[in-house]
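Engineer: Chain by chain, the residues:
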Amino acid sequence: MISLQQISKIFNPGKVTEVIALKDISLQITRGEFVVIVGANGSGKTTLLNIIEGAQMPSTGRIEINGEDVTPLPEYKRSRWVARVFQNPNNGTAPELTILDNFRLASLRTQGKKLTIGINDAFKKKVREMISGLGMGLENKISQPMGNLSGGQRQALTLLMCVMDNTDILLLDEPTAALDPRSALVVMNLANKLNKDLNITTVLITHNLKDATQYGNRLIQLQEGKIARDLNTSDKGSLQLQEIYQWFE
Amino acid sequence: MSQFYLTALQLSFCLGPMALGIYITMKVFNIPDITTDGSYTLGAVVTAVLLTNHWTALAALPVCMLAGAVAGICTGLIHTKLRIDALLAGILVMTGLYSVNLTILGRSNVPLINLQTLFNTISVFKTELYNQLFVALIIIILLIFLLRYLLLTDFGIAMRATGNNPVMTKSMGINNDMIKIIGLAIANALTSLSGFLVAQYQNFADINMGIGIVITGLGSVLIADALRIWLNITHIGLQILLVLAGSLLFQLVLAFTLAMGIDPNFLKGVTAIFVLLIVALPRVSQQLKGSFSNNNKI
Numbered sequence: 007m008i009s010l011q012q013i014s015k016i017f018n019p020g021k022v023t024e025v026i027a028l029k030d031i032s033l034q035i036t037r038g039e040f041v042v043i044v045g046a047n048g049s050g051k052t053t054l055l056n057i058i059e060g061a062q063m064p065s066t067g068r069i070e071i072n073g074e075d076v077t078p079l080p081e082y083k084r085s086r087w088v089a090r091v092f093q094n095p096n097n098g099t100a101p102e103l104t105i106l107d108n109f110r111l112a113s114l115r116t117q118g119k120k121l122t123i124g125i126n127d128a129f130k131k132k133v134r135e136m137i138s139g140l141g142m143g144l145e146n147k148i149s150q151p152m153g154n155l156s157g158g159q160r161q162a163l164t165l166l167m168c169v170m171d172n173t174d175i176l177l178l179d180e181p182t183a184a185l186d187p188r189s190a191l192v193v194m195n196l197a198n199k200l201n202k203d204l205n206i207t208t209v210l211i212t213h214n215l216k217d218a219t220q221y222g223n224r225l226i227q228l229q230e231g232k233i234a235r236d237l238n239t240s241d242k243g244s245l246q247l248q249e250i251y252q253w254f255e
Numbered sequence: 530m531s532q533f534y535l536t537a538l539q540l541s542f543c544l545g546p547m548a549l550g551i552y553i554t555m556k557v558f559n560i561p562d563i564t565t566d567g568s569y570t571l572g573a574v575v576t577a578v579l580l581t582n583h584w585t586a587l588a589a590l591p592v593c594m595l596a597g598a599v600a601g602i603c604t605g606l607i608h609t610k611l612r613i614d615a616l617l618a619g620i621l622v623m624t625g626l627y628s629v630n631l632t633i634l635g636r637s638n639v640p641l642i643n644l645q646t647l648f649n650t651i652s653v654f655k656t657e658l659y660n661q662l663f664v665a666l667i668i669i670i671l672l673i674f675l676l677r678y679l680l681l682t683d684f685g686i687a688m689r690a691t692g693n694n695p696v697m698t699k700s701m702g703i704n705n706d707m708i709k710i711i712g713l714a715i716a717n718a719l720t721s722l723s724g725f726l727v728a729q730y731q732n733f734a735d736i737n738m739g740i741g742i743v744i745t746g747l748g749s750v751l752i753a754d755a756l757r758i759w760l761n762i763t764h765i766g767l768q769i770l771l772v773l774a775g776s777l778l779f780q781l782v783l784a785f786t787l788a789m790g791i792d793p794n795f796l797k798g799v800t801a802i803f804v805l806l807i808v809a810l811p812r813v814s815q816q817l818k819g820s821f822s823n824n825n826k827i
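Chains as they are written, first to last, in our numbering: chain F, 7 to 255; chain Y, 530 to 827.
Wrong hints could be hidden among the right ones.
What the hints assert, rightly or not - With a straight-line cut-off of 25 Å between C-alpha atoms, the simulated DMTMM-like cross-links for lysine to aspartate or glutamate are:
(1) F:120 x Y:706
(2) F:83 x Y:706
(3) Y:818 x Y:754
(4) F:147 x Y:754
(5) F:83 x F:180
(6) Y:556 x F:102
To be verified - So the derived list for chain F, only partly shown, Cβ under 7 Å to chain Y, looks like this:
(7) 110
(8) 111
(9) 120
As the list claims (entries may be wrong) - Only some residues are given here: those of chain F computed to face chain Y with a beta carbon under 7 Å:
(10) 81
(11) 82
(12) 85
(13) 100
(14) 102
(15) 107
(16) 114
(17) 119
(18) 122
(19) 123
Since the hints were made in silico from the structure, they are not lab data. Heads up, the beta-carbon is just placed ideally off N, CA and C, and yes, glycines get one too.
Chain Y with its partners taken away, still in its complex shape (with noise of 0.2 Å):
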């Protein structure tokens, strides 16, 4: 495998918690998320002031999911106790987060060339970015047992439920709005994961870095559930294997893209139209399949 597909592969693994965030809210409570540009970022500028501050990036990891966990919680409020639309709320905390990041990282742009990072404590390859590859797929399968675990509990099933049947939950003592504002906390702490692993592999943080970022979480998660509905998998673990699978197909796609030659200022157009491809396309064949057999009645 080239470098060029290694490196699809590391970042599919760094961007993996972010897609099991939106696999979270879209797929398990049905909340449509746009938080996820903002604490994605968020992830990564508080990576970068902590770590410029010396402190070491297993300090770090826990503050950076705490932030991500807050700005979901903030949703959550105004989505649960305002009674306002999920998705404005996500975009009014996204919209503020921008603020936040700024004020958090102090400029535009902080580079964290020649700092210890979480990808650079471990050395059990000669190769960096096999190592890079090592740490990462290490946090993820840590993060299939947690998020697995979680979604098997007594506590994983009444959020499944919650999303499922809000009407159900409430008559089986479960508190949705409660609920709703933890998933959310959870789903964001993943994706500030995810700026965490982010900025450390590309050794800077930026504060435009998660424009758009939640297009490729939801891409992923769209791969994933064209990929359940068609293997009929109702097993939790797969699901959440074809979440991190879904990612890694999208990062080979966009690689695939670049080694074509195409030029790199398109690559936001490419995932939109990929993006779109992923969700016209089961629904197409579906039509077409109907007019079909309507077209065999006659």
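This is chain F alone, in the form it adopts within the complex (with noise of 0.2 Å):
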């Protein structure tokens, strides 16, 4: 569960470039949820998911993870809980490192990188199977460069790559932004399917309002750094495409 108390992030404070990115959120996600986020450019959403994942801190607030208070750990600490796919697919994988070499690491996330071998015959097997999932025919190239692979490719990779290890929160930064609209929708499906399948709490931040309603649990609004809408279940299932093209207006 995430309980974000009182956040408030302010970007250059007492200087003539201050910017108030988020006003005094309070947000409780309780386990297994999907909540999408939807605002308008600058309205905090991505502050908020760096603050979630610890790669921005707040400048007041409080933020809990399973009850364990974790405001003041960075990032790389926070990965015992969170992990992030981002916007643009080259930010989640090293290009230079196989396939291979990129999900021992994730699998990983939440244990020492100690001097040993881990990529042996069974973890090969692991991954293969994993991969050949996503049914993209790239269980026989994981020897290969991550970078040689397309933006789809390492986009839907990330996303396996989250829940390598043991991740209790995923946290989707316009995932499907930079990909083709067949790369799109396999990305999302696959979200969808591990945040039922393993019951990850999963907060995905969406330009696209076709997916905002078709994915997810719980949908909020971001206005000017401030929760505007917050809707549950029930209320997403009834609303129409074109209520929340209102809401931008």
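Given two chains presented individually in distinct reference frames, assemble the corresponding complex, making use of the accompanying hints.
Structural biologist: As structure tokens, this is what we get:
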């Protein structure tokens, strides 16, 4: 469970360039929930995700994950609970490393990286099996550099990598923004499946309002750093696409 | 093969660890580390002092490498904790090391003649140079296996990923700062190892012996990189071998230059021009290819 308590984020405080990205946000996300966040550019969506991940620290407020105060913890320590798929497919993987190397690293997200060789036949078999489920034909390319793959392939693999090692929270930062419609569909369906099968708490930021209605069981609209709307499953289910468009007018 | 080129081979073996150190900082971590000039001399200086105090070469070896590692840690701490650019951090440590080295050495030059060094402990061959080559070769082979193993371990994957995509590694639970510091420590320990070998090979340690040595290592790595791209090599072990091949090629070019009768005073200039050619040629050829294909399109 994620608990955000009175979170504010101010960039460049006291300077002429001061920007208030988040204003006193309080939010409780229960285990297994799939929360979709929409909002105009500059509404604070990515900042909110960065603060949950630990990439940015809040100016004020407190963050708890599974009841533990994680506010002062940097990103690499919060990776014990949190995994993220970035908007840019290049950010989620190391392009010069092989698919296997990337998956090995992902499998050790919550563990120490020891001076032992962990890529053995059993690990290769496990990765092949995971990847074959995507139906992209990548299971025979596990020794190829990740950089040889398309953005859609990389994004799908990043999603799989996120769940390699006991992830509690999956953050999806506009994961389909740079993808073609077919790849976007693969990635979103995979995210949905992982959320349901593994009961992973999922937070999706998207500008695609169709995705916002189709996926998730809770819809939040951010506006000027505040939560403008917070709809539960039943409210979201009856929502028409046209209504969401009107939120942005 | 003439004695002249065998000497170049021997020197390339001695400078091989430094080239591998620069490979770690430049290619694995994507950090331009100039500490090299200082940590190379540091290795030589510590060796000279310990050998003249009747330490055995094998006992001096870990001390030398530890000293280099400490220099790398200093650069790493300045870079990661004080958020100072890696290039400047390296320059600062390198500059500081000059005084440290001078203090340790006590004077600007210490000869190691008639002392028991690593190269005269083994006498498998009748010729001294062959024995030296044999010892250096054993060290290089050991290094290849150790470095290859390190880079293939889980820790090694984390090292390579940190240089390749630091945004990703933070979300993979990797403390980028810590791993960079460790990487710089390993790289400078290797550089110190080169200082250790060269001091014993040339039978003296000099306070100025490290000036510009980074260019030699850089040249080796750049040659290796050009070959890696050309041959499309992704295998870690082969990449390490290419760095050592780069080191050898670099020394052979210098030996050839001297054999042609060029004034040794111009050797540093030749080195700089050679490195410039390695860097510039692939770019110029790429530009020429680009303009050629553009002309064809028109």
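Engineer: Under the constraints set out in the numbered hints, which ones does this structure not fulfil?
Structural biologist: Violated hints: none at all, because every hint is consistent with the structure.
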